[in-house]
Amino acid sequence: MKPAPFAYAKARSVAHAIELLVDDDARLLAGGQSLIATLNMRLSHPALLVDINGVGGLDRIASNNGHIEIGALVRHAQAERSSELARRAPLIALAMPHIGHPAIRNRGTIGGSVAFADPAAELPACVLALGGEMTIAGPQGSRIVRADDFFKGLFETALTARDVLTAIRIPAAGADTRVGFAEFARRHGDYAMVGLAACARADGQRLRDLRLAYFGVGSTPVRAHHAEQALTDRDIDAAVHALAQDLKPPDDVQASGAVKIHLAGVLLRRVARQLDQVPS
Amino acid sequence: MNARVHDIIVTVNGEETRATVDARKTLVDFLREDAALTGSHVGCEHGVCGACSVRVDGAVVRGCLMLAVQCDGARVDTIEGVTDTDEITDLQEAFIARNALQCGYCTPGMLLTAQELLAAGGVPTREQIRVHLSGNYCRCTGYQAIVDAVEAVAKARHSSQGIR
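Chains as they are written, first to last, in the numbering used here: chain A, 1 to 280; chain B, 1 to 164.
The hints are simulated quantities; they were obtained by calculation from the structure and are not laboratory data.
Note that the structure is a prediction, hence the values are computed from the model and not measured.
There's no promise every hint is true.
Pairs of lysine to any residue, SDA-like flavour, derived with a Cα cap of 20 Å [to be verified]:
no. : chain 1 : residue 1 : chain 2 : residue 2
1   : A       : K2        : B       : L37
2   : A       : K2        : B       : R4
3   : A       : K2        : A       : N64
4   : A       : K2        : B       : A120
5   : A       : K2        : B       : T89
6   : A       : K2        : B       : A3
7   : A       : K248      : A       : A238
8   : A       : K2        : B       : T20
9   : A       : K2        : B       : K155
10  : A       : K2        : B       : D34
11  : A       : K152      : A       : N40
12  : A       : K2        : B       : I96
13  : A       : K248      : A       : Q277
14  : B       : K155      : B       : Q102
15  : A       : K2        : B       : G43
16  : A       : K2        : B       : C44
17  : A       : K152      : B       : R4
18  : B       : K155      : B       : A120
19  : B       : K155      : B       : I96
20  : A       : K2        : B       : R32
21  : A       : K248      : A       : G218
22  : A       : K2        : B       : E33
23  : A       : K2        : B       : V5
24  : A       : K152      : A       : R211
A few chain A residues facing chain B, derived, Cβ under 7 Å [unchecked claim]:
no. : residue
25  : P3
26  : P5
27  : A9
28  : G32
29  : H45
30  : A47
31  : P102
32  : R107
33  : G131
34  : F184
35  : R186
36  : V271
Using N, Cα and C, we set each Cβ at its ideal position, and we do this for glycine too.
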């Protein structure tokens with residue numbers, strides 16, 4: 001056995017999970033596709049794992065008041081098969097096949113990916129590009145945090161140690177919604193070297209409310225505000241140029257920062273073409 | 001129930017199996033050490049290589065990224081089980097016929113993952129086969145023969161219209 005010893009408890013409800021999380025060294029276990037790997041490598045050694053997989057009601061995809069609500073325990077494979085998401089959240093549907101491999105997607109959860117907040121992961125960037133909101137249950141009750149305020153730092157979010165992310169809410173796509181998604185990875189399903197999730201609304205020949213969210217370029221998903229402005233003005237060359245202002249990717253094992261900036265520009269041109277396409 | 005050791009009941013290859021396991025024991029370690037089913041292999045132990053692939057309640061998962069205690073009440077199928085039920089006999093024969101294995105370390109995971117794709121029906125393209133198997137590392141045979149074998153079975157099953 002590779003992990004250091006820990007205790008395990010199965011939460012019966014969200015309230016029960018919050019109660020169990022009172023233990024200082026407790027960690028929530030959802031799909032476990034990142035957490036159990038870190039346990040096996042002894043990069044983390046919690047005293048207690050609080051398993052929420054048996055908690056009912058967190059695995060639904062619902063549509064209400066112009067929003068799509070994705071329960072935190074919705075597994076990637078379930079999201080990938082969802083006709084509701086394909087229709088009303090096309091950016092999530094585009095990103096889904098890039099997340100891990102089939103066996104990972106069978107087990108990994110949407111909420112787990114967002115809560116873990118790996119800076120090279122697809123979903124946090126998608127949620128940021130869509131201007132989504134996180135529904136969080138904690139000891140003091142429930143609250144909602146916007147994606148812009150949720151991702152705080154490297155693997156750090158607005159979630160405290162006793163919070164449970166229960167759902168992700170995103171605006172449902174309308175007829176004028178345009179989305180784009182692209183990434184570079186060394187092997188299909190690996191974490192991206194650089195990736196880009198984008199969402200906008202078509203306004204005649206123009207785009208508005210454009211949001212470009214890069215991943216794999218810093219400690220959180222990163223909005224490219226200058227590039228957004230330039231692309232809104234239909235100047236793709238200026239938008240690519242502006243990325244040098246928006247992104248400061250550090251060198252990592254995958255690529256140098258300079259290479260990442262170059263790749264970010266290539267991805268921007270690809271995604272800009274996707275944004276011009278009327279969804280079928 | 002907040003302990004380091006737990007009693008579990010798992011249906012392994014159709015057989016009810018009772019065990020007392022450490023909370024930290026992964027599913028693949030449970031299968032190999034407690035259930036003596038050593039067909040599921042331990043490779044990287046952090047979800048990258050796919051050698052430990054098994055089916056839990058019908059879905060292929062990483063045996064190293066799930067805890068045995070989480071499988072209490074679940075149905076687990078391993079390469080031994082799907083071999084005994086003849087579910088993948090054609091796939092195993094195609095792997096042999098096309099030299100889609102050498103050392104065999106990745107083979108159980110490859111077979112289970114390929115079977116999941118084939119069970120979805122239709123004849124996937126070679127690219128779709130490659131993408132579906134992208135989470136299973138082979139370090140000696142090479143993927144060409146593996147894709148050949150999976151493609152051949154997809155075509156054979158399709159032309160026999162589900163009669164195997």
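> For this structure, which hints from the list above don't hold up?
Replying inline: Hints 3, 4, 5, 9, 11, 12, 13, 14, 17, 29, 30, 33, 34, 35, 36 are the ones this structure does not satisfy, whereas the remaining hints hold.
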